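Undergrad: Each chain, letter by letter, is given below.
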Amino acid sequence: MLDVEKIRRDFPILSKTLEGKPLVYLDNAATTHKPESVIRALDNFYRQDNSNIHRSTHGLANKATEDYERTRRHVARFIGAACAQEIVFTRNATESINLVARSWAAENLKAGDEILVTEMEHHANVVPWQMLAREKGLKLKVLPFDDQGLLKMDELDSLLTEKVKLFAFTWVSNVLGTVNPVEELVRRAKARGAAVLVDAAQAAPHLGVDVRKLGCDFLAFSAHKMLGPTGVGVLWGREELLDAMPPYQGGGSMIEDVRLPEGTTWNLAPWKFEAGTPDIAGVACFDAALDYLEALGMDEVHRREAELTALALDRLQRVEGFRLYGTRDPSRRGAVISFNLEGANASDLGQLLDSMGVAVRTGKLCAHPIMRHYGVEGMARASFYFYNTGEEVERFVQDLQRCRKILGVPAVKA
Amino acid sequence: MLDVEKIRRDFPILSKTLEGKPLVYLDNAATTHKPESVIRALDNFYRQDNSNIHRSTHGLANKATEDYERTRRHVARFIGAACAQEIVFTRNATESINLVARSWAAENLKAGDEILVTEMEHHANVVPWQMLAREKGLKLKVLPFDDQGLLKMDELDSLLTEKVKLFAFTWVSNVLGTVNPVEELVRRAKARGAAVLVDAAQAAPHLGVDVRKLGCDFLAFSAHKMLGPTGVGVLWGREELLDAMPPYQGGGSMIEDVRLPEGTTWNLAPWKFEAGTPDIAGVACFDAALDYLEALGMDEVHRREAELTALALDRLQRVEGFRLYGTRDPSRRGAVISFNLEGANASDLGQLLDSMGVAVRTGKLCAHPIMRHYGVEGMARASFYFYNTGEEVERFVQDLQRCRKILGVPAVKA
Amino acid sequence: MTEALPPKLKAMVEELNSVDDLTDKYEILIEIGGRLEEIPEEAKTEANLVRGCQSVVHVYGGLQDGKMAFRGHADAMIVNGLLTLLVEGLSGLTPREVLAVSPDFIKETGVVKALTPSRVNGFYNIYERVKALALAASNAGGK
Amino acid sequence: MTEALPPKLKAMVEELNSVDDLTDKYEILIEIGGRLEEIPEEAKTEANLVRGCQSVVHVYGGLQDGKMAFRGHADAMIVNGLLTLLVEGLSGLTPREVLAVSPDFIKETGVVKALTPSRVNGFYNIYERVKALALAASNAGGK
Ligand SMILES: Cc1ncc(COP(=O)(O)O)c(C=O)c1O
Ligand SMILES: Cc1ncc(COP(=O)(O)O)c(C=O)c1O
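In order, the protein sequences belong to chains A, B, C and D. For the first sequence, counting from 1, position 51 maps to 51 in the numbering used here; every step adds exactly one. For the second sequence, counting from 1, position 152 maps to 566 in the numbering used here; every step adds exactly one. For the third sequence, counting from 1, position 3 maps to 831 in the numbering used here; every step adds exactly one. For the fourth sequence, counting from 1, position 54 maps to 1025 in the numbering used here; every step adds exactly one.
Calculated from the structure, these hints are not laboratory results. Just so it is clear, the structure is predicted and the values come from calculations on it, not from any experiment. By construction, the Cβ of each residue, glycine as well, lies at the ideal position given by its N, Cα and C atoms. Heads up, a few of these hints could be off.
To be verified - Cut-off 20 Å, straight-line C-alpha distance, at most; resulting in silico cross-link-like pairs (EDC-like, lysine to aspartate or glutamate):
# : chain 1 : residue 1 : chain 2 : residue 2
1 : A       : Lys63     : D       : Asp992
2 : B       : Lys430    : B       : Glu805
3 : B       : Lys819    : D       : Glu998
4 : A       : Lys139    : B       : Glu676
As the list claims (entries may be wrong) - Computed from the model, here is a short list of chain B residues facing chain D with C-beta under 8 Å:
#  : residue
5  : Ser761
6  : Asp762
7  : Leu766
8  : Ser769
9  : Thr776
10 : Gly777
11 : Glu791
12 : Gly792
Please construct the entire structure, taking both the sequences and the accompanying hints into account.
TA: Dropping the structure here:
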């Protein structure tokens, strides 16, 4: 059992007040807070070890390089990669997906080929494919979900024609909370000969990831959503795929030799994909975030989030006019609850809750197609992490009741 | 006059020891160290203000968004941009250049068009153009430099044919130290109708930048080379160019509307170019770095570096076998001294100096063409920033003399 | 700072400033917005839409007898209150007077923390639209 | 840890460990490297080149009477010393014995801080090459 009070003391920002009220932070799907160990690691890096990497032979550079590469090895272990060379550091999950689009897909897909995504993707897993499709004459196809927020699995096989060269889908939806049947999706796509990219931005922070078990080809996520610093994303790719891919951005470190006007050759993967000075401090200190998660254990993280989610769903059900988007089946959902209150605008809910110290996210949640599916302008979203408490859930629901009253009056009038 | 002892107390790492000896950090062209104010700003950000930006309406998100956008306005003022919308945040100078290559140049240049670079570019300003050239059938042309490390200005006009659509060059060379006549280069290129990108990675940290005075179209630099965090780069572009350019990476924040399977529209510049969660903390805290530089004054920064460089050149000249690459004319060079010692391998110099506590960089310095120009395998490079001292310069030179002795013996034997 | 504000705007701002708690302020804003006259459905055009707000906001207006007359609507109540500050507070002024009003007053009320042109913050975009309308009217001959 | 090392390697490592100062250690490495036999120019081939080192390093070797015989050269003296540790220290062992030597001893000497396959660090790449040579010999029938 996690000692949540002890855990909360590790996160300085959690004892902050918002608008004079104790902060209840329920926007964890947007970004999570950082434990002391990560904050101190950053502080220490700039006080003790700051240096550019990979290039110089002096002691600071060696140390910084080692710190940076240690995180690579750690990430590899964390997600069960075959080796550290399968880990590419990017800015965020978004860039990881763009990298695959511009490097792997631009090289391997040709006009007429198709890419399959789902209707529940975050924009990060839609727009890069749309941009590429427009440029290369590819076709984007969409696997829809039903009103419960579950993928229509029975439509999958007919969509997976032989023209589909890539299936890119999210493991966990950042809006619906749906935990998609990732292994089955991968298996069925691979059976049809499609490559598979898994957007794990909402999965890696919450579930144990084992890329070998998944069987996919690429997997993307962001450090900032799992206790790590902003500026750090991960792309995992199968070694043989990364090796064969052309580089993404050009510049220092990604080359073996540079000749003018031409004749330049590339470094090995993953360095081939890391042009210029990366977010060295961010990557080096992401290590401490992984340490923290491992010390808790991802099973325990998940168990605790499931508890909070169940409590919240139970309480929210009693709020008049509460409308949930996504399944109520606890075994199929993560710690994300998107909702509306009848007659209330989501943005009003967000602002009022904020004024009461409760931080939720509102709007289109970077998923316009989901908004369109339900015919709404926006939603409010509460998302939990292991450091949230049952009392916070209760306060959130109470405050939501208060919002309802405040907004209810003019709503009736109108 | 700068009080250097006071300044040095602002940089915690400068009182570090390396191999038991007080650190003399002369690798500032690779990356600079960070003052307390920047380190504390980062610490404070994660303790107090951490949040995702642009998306939520809660108080933390508002504050983080404001912190992020404040830096944008600050950068705009710092380089004399017409407005904050001309500032795009990237990972580093390298990515800024890649962005222009993939977005502006890929859209505006067609097969047969030419791009002019110089022989003294950092790989960051060569490889993106080579990659694009290969893909689009463009031709890369090269303005050479002479053995003094000065661009052959008399060859410029004949290279600037009407096919040249872009001239991309570095303001200050990271190897030769040359400060190129940026205004003249821009003027002559613009007179021939070419667009101009200035690589200011080694200029913005050391000289006052005024993009309006320069007259160029794009300008790129990195925060980490000017007291800021790693993970933050700047692309300045003329507003009308940025507005007209297609996006670079696809994802959240860079869109206006996303429709499936197509029909997606873009946000305005600069947000159109900032897909996904950026390095929020890094950008927010780069503000403090700019504050620091402004408090010193860029003129004073430059004056002080010139002093250190002059001292170093004077002392180094007396070291037997010292070979300088680049001009001795102090009015045409920055605070970068690349050199070799006859009969010594640069990597030995670097490692020995490191063992004495002196951090310099060695190798090909991300500029293979310059190595080829001089027919050397590598160079050693000492690069200064305003926080270096005359005593450090003296120690560096003394230690270099010691290296010469240590390496001299077997060198003679061989 | 509220000294310099036009009287109707000043009255609303003072109402907001009369309470400290942000929830209370929002309640006042909702009340203020509730007083705003409905606009006809035909006015909810693409041209009148203010981009870059999380909620759907329409604003329009022009000269009437030498004074600006603004109207508008937002589908979120708090934003509608912010909109009312501008629509009601600045209607009846000359274009030049409208242009002279700095948006900074809103920061002091505490209901908007920062004036940045980002999605989060409807106010700035609404303010810019109102200013543009006044500028257009002024260029068209109003003073 | 040095206990388990083969005798020639052990002697050199002990020499390195006999001083504390890194400059002194480098001087010893340079001396050690100075003892390394020159290799013929013809051996400086692309195939014998070790990639990913800042200096130019060539290594080659194979079975001679059931034992590995390594030779090599680096154009930088310190790297040449590191190379000598491996080339001299592991020559005369069976392939299996070579493969049993962990590279960790080098961290204890303090002359190489980290075993990462990056450009900075020639040692790791040289070590990997030596291992590959031993593995090839072992697969070809050596023990
Ligand atoms: C002249 C020049 N351009 C570009 C770069 C690339 O900078 P970064 O690695 O921060 O992208 C550098 C720094 O190494 C440089 O010196
Ligand atoms: C499912 C999903 N994919 C991708 C992303 C993009 O993450 P980032 O903004 O860190 O690139 C997010 C986060 O917003 C997400 O929830």
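Undergrad: Take the hints in turn and mark each one as holding or not.
TA: A quick look at each hint next to the structure:
With a CA separation close to 18 Å, the supplied pair A:Lys63 and D:Asp992 stays within the 20 Å bound. This hinted pair checks out: B:Lys430 and B:Glu805 have alpha carbons roughly 16 Å apart, not beyond 20 Å. Distance restraint check for B:Lys819 and D:Glu998: the Cα-Cα separation of roughly 11 Å lies within the 20 Å cut-off, and the hinted pair is therefore satisfied. A C-alpha spacing of about 9 Å is found between A:Lys139 and B:Glu676, which places the hinted pair at or below 20 Å, so the restraint holds.
For B:Ser761, the interface hint holds, since its Cβ comes within 8 Å of a Cβ in chain D; the closest pair sits about 4 Å apart. Interface hint at B:Asp762: satisfied, since its Cβ lies 5 Å from the closest Cβ of chain D, which is below the 8 Å cut-off. Interface hint status for B:Leu766: upheld, as the beta-carbon distance to the closest one in chain D is roughly 6 Å, under 8 Å. Using the Cβ-Cβ criterion of 8 Å, the hint placing B:Ser769 at the interface with chain D is satisfied: the shortest such distance is roughly 4 Å.
Against a cut-off of 8 Å between C-beta atoms, the interface hint on B:Thr776 holds, since the closest Cβ of chain D lies about 7 Å away. The beta carbon of B:Gly777 comes within 5 Å of a beta carbon in chain D, closer than 8 Å, and the hint placing it at the interface holds. For B:Glu791, the shortest C-beta to C-beta distance to chain D is roughly 6 Å, which falls under 8 Å, so the interface hint holds. About 7 Å separates the beta-carbon of B:Gly792 from the nearest beta-carbon of chain D, less than 8 Å, and the hint is met.
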